[in-house]
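Spelled out, the chains give:
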Amino acid sequence: MEEMTITKVMYHTQEKKIVQLIEPILCVRDDAWLGEAYYLWQDENDAVYWGLKSKRKTGYFEIYNCTVDLTDVLDTVFNEEHYNFWVRQIEKAAKSFVVKAKVKPSLKEINDYFFSKGIWSKFSGILFQDISNNPDHFFVKQFQYKKRIQLAVYNLHIISNFTLHYEGKCV
Amino acid sequence: MIDLAKLEREIDQLLEVETADSLLSWLYEKRISDLKKRVGQGVFDISGLNEVYEHIKISSKVLMVESTSSQFITFCDEDCSLFIPAA
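Residue numbers (this note's numbering), protein chains in the order written: chain W, 88 to 258; chain E, 67 to 153.
Accuracy of the hints is not assured; some may be wrong.
Pairs of lysine-lysine, DSS-like flavour, derived with a Cα cap of 25 Å [stated by the list, open to error]:
| no. | chain 1 | residue 1 | chain 2 | residue 2 |
| --- | --- | --- | --- | --- |
| 1 | W | K189 | E | K96 |
| 2 | E | K96 | W | K187 |
| 3 | W | K209 | E | K96 |
| 4 | E | K96 | W | K191 |
| 5 | E | K96 | W | K179 |
| 6 | E | K72 | W | K209 |
| 7 | W | K179 | E | K72 |
| 8 | E | K72 | W | K182 |
| 9 | W | K204 | E | K96 |
| 10 | W | K195 | E | K72 |
| 11 | E | K72 | W | K204 |
| 12 | W | K256 | E | K96 |
| 13 | W | K233 | W | K195 |
No wet-lab data here; the hints were simulated from the structure.
Only chain W is shown next, with the shape it has when bound in the complex (with noise of 0.2 Å):
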């Protein structure tokens, strides 16, 4: 039977710089959860979001659209089962770490660890939720009702279209 193509468009934020890109930069930052990555936005709103708050350097942000095939993508926000083998990986990793070596990593530690050991690689990117402080996501009273959501992307032949989508300034 043939394999259905999930696509979905997703976006990318950056300080606006002045040459136009022509495909997203890998993040290489040591809070970036999954790992070294090219980490698209899946809510327009938390692109802008970011851009507002996180790339100020030269008081204009861009963001970028594309279109990103899913098909071989690791979802732990909607996929119970992969939810579930993240989870289970994650933390059998952290402990070896923690029992074997007396040593805490992080969770970027860990995910480059299992890419750097070719498991990661077996797939194209992880769709992943975290907090967000985007007062957006607190529309309804105490309550973060509203996921905030990205994909890091390990395998960049997933990406097409990406194009400049809005450009906004800094305030």
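Since chain W is already given, all that's left is putting chain E on it; use the hints.
Chain E only, in chain W's frame:
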């Protein structure tokens, strides 16, 4: 479609053969490599800051030097020459 069962078997086999030395060695190389990507490679004088640091020594190498005051997170290579402020 991702074959989760196969991946999990590979992970179990991988972690099974890991030892304290192999995990620490991987982590050490990773932290030094990440640090060099962020700040470049250089020699920094941290002699005046020694008193606020805790040293974690692994196999006679300094794996990580972490500030007790949370003002700095410091990583050192074998000649203890790299540091960065905490994020």
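Report task. Find the hints from earlier in the document that the structure breaks and name them by number, from lowest to highest. Result -> Hint 12 alone not satisfied by this model.
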